[in-house]
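Student: Based on the sequences and whatever the hints tell you, model everything.
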Amino acid sequence: MRKLQNIFWLGAKELRTFFHDYVLLGLVIYSFSFAVYVQASSSSQELHNASIAFVDEDHSPLSRRLIGALLPPFFKPPVAIAERDIDHAMDIAAYTFVIVIPPHFARDVVAGRSPALQVNVDATAMVQAGLGSSYLQQIFTSEIGNYLTGTDAAFAPQRQGALGSPIDLAVRIAFNPNATTAWFTSVMGIINSVTMLAIILAGAAVVREREHGTMDHLLVMPLTPFEIAMSKIWANGLVITAAVGFSLAVVVRQLLGIPIAGSVLLFMCGVALYLFFATAIGVFLATIARSMPQLGLLYLLVAMPMNLLSGSNTPLESMPPALRTVMFASPSTHFVSFAQAILYRGAGFAVVWPEFLAVGLIGCCFLALALMRFRGSVVQAG
Amino acid sequence: MSETGAFFGTRFNVAELSDVSLRYGSTIVLDAINLSIPAGCMSGLIGPDGVGKSSLLSLIAGARRIQEGDVRALGGDMSDRAHRAEVCPKIAYMPQGLGRNLYPDLSVGENIDFFGRLFGQRAIDRARRISELLRATGLEPFRDRLAHKLSGGMKQKLGLCCALIHDPDLLILDEPTTGVDPLSRRQFWDLIDRMRERRKGMSVLVATAYMEEAERFDWLVAMDAGRVLATGAPAALKAATGAQTLEQCFIALLPEARRRGRKLVMTPWRPRADERPVIVAHGLTRCFGDFVAVDHVEFSIQRGEIFGFLGSNGCGKTTTMKMLTGLLPATSGEALLFGKPADASDITARARVGYMSQSFSLYAELTVRQNLALHARLFHLPRASARIAELVAQFELSSYIDQQASDLPLGIRQRLSLAVAIVHEPELLILDEPTSGVDPIARDQFWALLFDLSRNQGVTIFISTHFMNEAARCDRISLMDAGRVLATGTPAALVAARGAPNLEEAFIAYLEEAAKAHEAGAPSFAQDIEAAGADMMVEPRARPWFSPRRLIAYAIRESLELIRDPIRLGFALFGTVFLMSIFGMGISTDVNNLTFAVLDRDVTTESRLYLEQLRGSRYFLERPALKDQADLEKRLLSGDIKAGIEIPPNFGRDIKKGLPATVGAWVDGAMPFRAETIRGYLQGAHQQALLDFARRNGQSAATVEPAVIEIRFRYNQDFDSVYAIVPGTIALLLVLIPAILMALAVVREKELGSITNLYVTPVTRLEFLLGKQIPYVITGMANFILLCLIALFLFNVPLKGGFATLLLGTFLYVFATTGIGMVISTFCRTQIAALFGTAILTILPATQFSGMLTPVSSLTGAPALMGRGFPMVYYLRITVGTFTKSLGFWDLSFNLLALLIFIPILTALSVALLRPQET
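So the protein lines, in turn, are chains A and B. The numbering of the first sequence is my numbering, which starts it at 1 and goes up by one. The numbering of the second sequence is my numbering, which starts it at 1 and goes up by one.
Simulated from the structure, these hints should not be mistaken for laboratory data. Bear in mind the structure is a predicted one, so any value in this text is a computation, not a measurement. By construction, the Cβ of each residue, glycine as well, lies at the ideal position given by its N, Cα and C atoms. None of the hints are false.
Some chain B residues close to chain A (C-beta under 7 angstroms, calculated; not the full set):
no., residue
1, 327
2, 361
3, 374
4, 377
5, 590
6, 664
7, 672
8, 679
9, 682
10, 707
11, 715
12, 716
Tutor: Structure follows, in structure tokens:
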């Protein structure tokens, strides 16, 4: 009871202090509003506005039809260039795709000679190159088919058959039917901000007290390191939880208009649990760092990989197996995984509980480590 | 000798201030000051902390921007930039705080050498002057010692050496001896006297908190609350107020309202013989590495006694107190509190002790009431509000009760600290320098409270101080030096034992005795200064607007500091290596190892042939077959599979008959890019399967495939993302890390105070910034070499294009990215703000608008502009171009030119934004 009271009052003080630190306050507001919005507004996950050029040596109705099929929002208006310019244009990355339609292309198609149409792809533009080449393949195949059969159907990526075959492949994308980038990047932006901020808020709160000498003060009072650490964890955790709630409700739902499939309540429980871990690791890092700038540098080395490799940016499956195993020890991976399950797929507690458990356990480990080092670190810095 | 020699012995004033006011925010620091300071003599500013002494000195030195009024120094207007530039080589300014304008990671010799370069002295001149000054100050044996390892007294001597290297006409010293032991203090003033004898025209302007010290000055300014109380020679001031000492004189000068308050009545302490001592220390020792901070300290303190520790900063007072409170474990020996060993984990003992640490250590952002309430709650006082009311009354805090602690005057803050320390009515109070910087009246009030606690409530008080007059009030004191107790006893007994006129002289006698015993300790003074001084006068050199020597001075100094800071250097070199390895391995836009499962409702040769396309693909991994549609949904939901394929019943029969059939595919859309890629793979496999069926049925290829769509992945035939990610990561890390390090380097100077050297020495902003930039450009290039090696040998990404082009591009790029850090640093005040500001302002444009994820050619509107205004766009084309596209110099010349243009723009912007004076 005494312990709980101490933790409560110390945490209340922590909140007051936080609202006086304008730099961190500004950072929190920025990260959960503007940063999330900008990330969601990019189109990094889809084929959008790809720049494309063509060399038309055929000048037939078919070649014009093929070029006319390259439409926004997938492609920018195609630009006609001369064949000798292809290399230079691609070298300076002016276009991601250059299409070459050879002479007599239409004639050869009709004659059944199966001529080749060349699509040059700048393979250094990874996401667009990959998605765009498969789109182009589909578009051209279906346009040529339509030309031969005389139909005039528009291209739809969802439903594609091959020519002259009655067999169809119907691909349905579950949870995000149009594969919109913002659905993914907005929530992942929030998740990245949670990791980044929770660690630094809790860490800075400890280092600030140590630099101001108030930590000495607390340690000569009848308080235990556990109470001091827990007060930082709940207070900073609360700030971030509130920011996440705001960001989800206002930025994601209202401003970006993104529907959320699953239970927001369950997600917020997960956020709170994850914050326990993230603030604990923040306190732990603060016990290692001797000064604020050191904490900042250390933090970059820990938080950036935790975020970038968690699966919130690129797929986890593509990592080398050893690294994937290591990342399974990082709660950020579990956080991304259960956040996707809850928010996109509408999964319930029955599905995500093992990941909740993992996050909680790893959080306890870091709290224990932080407590072991707590007193020593004050001495060291003093 | 310049015309300033004429100042001496005349009525010239070295500085004149008329109607000078200064405010920080809403606080008035200087209030319409009118003052003429005579030249050629030693003038002193006296008064407690926070009355505006330091601000006044920094205005005269030209370090701070003048807000209101006129400041003239050495015959010209200090708001005029040209005059400042002309006189700054003639002014030397030593700001407040031990060694605040020194560089702690530089040795004694390197520090002086740096200042010599700033004043444009040639190597041969510098070498001669450095050895002369070191000999004069007795620092010669410590020439190679790092500044942060010097004692307080030695730091001040080093500061003086740095100030005197250019033979100033006006020497401004801001509290040069605060916290220094009395022997070093006396040596310091003797040194100043000798310097003045040698250089007759020199005016010296000193601020001090020690009234005794001011007795030896020629002319004094007494200040309080931003105003001048009186000016004149010490004797004249004392005579005018009829006071015996300057301290009494100062109190008499204060306005009537301030002088009211309790009179300090010192009652003698009567020990109770029957009681056990409250604190006992036996052979208490504490080492930090090989440095012995506290060396076999012994003492024993009785109940109700006021026991003092007297000594300089860094002599071990604070460390001893921390051991008593249990904050620090002792290396050897023991400390007993209430008869039990001091133990950090003993919560009940802590409730009996009150502690007030050296600096103000309450929560500055809480109000007086909130601070008191928080501590009362943490001690779980049963009648907290009554106790708070009692303390507020006793400490006269009621008029400040709802003010924020950060807004309180210093004396009130100290009272609040004491009130907080005794909120739980402890039996033992440990106070670490509680009254340093407090004005004499507030200090007397504070001591009245201490006497009340000791005499009337039986509280034992253990107090540390570096003021003699404060130590004289204690019942018993220990004199401390370099971790050892020199002597213990009542102040009167200690004075008597040495036959000294006062405590200060007695302490000096003990210190000299100790120094003789440990000859290696304090330096002895060389007396050959007269002989050495003769040819030290050098004409001030012409001050060009740009001097490579000053630039190099900063470059050398910054490099030395970086090399000696293992954390920053480690981060600079190995942070990038670490991040590069992680990113290169972990970030990949390849989509493979995709898990899928099949719901085959047909199970014929045809369905197996169809699925063979997926099963044989290197992108897919098959999981156990699906049971039904519900199983498909469940497993997609849990993330077990990323795709599910359903073959309809009678699929094989329909194919043979040429009837329409639809294969169903469900793809996990949680990650849109992955979902799109899976769709592409599935469609490709589908086409392939149909072609196979057609061939088996004997149809010609052309019927199925009237034209071949030939996809040619240029530059990267295997379409492996490592060839794009690795060059991209190099570009990202070389903007992030150099910019952060550069921003930290500039803001560090602001935080530590050495930025003052930019304000008051001839160094220009351009020299300062470029000089600091050079080491970080070199570090960036070293980083680049390491990153290239990782790319070539760890990730096996070959360099196809010209290395020379890449090297040139990197050089320009690192210059530009450190420039970004420089611009950001100009508006950040703390290192942590600089770090985050730089990280945020570089990561967002770097990842979103520079072509790392989305090609720049696809961007439109504001993002496109943001991208084009950021150097990474151009550098990314260079790294990708040389690594993957095998391009050469002429292919990339436009990008090189673009990077080149960034450099002068960023440099000019930083110079314009960096303030030439403190505001």
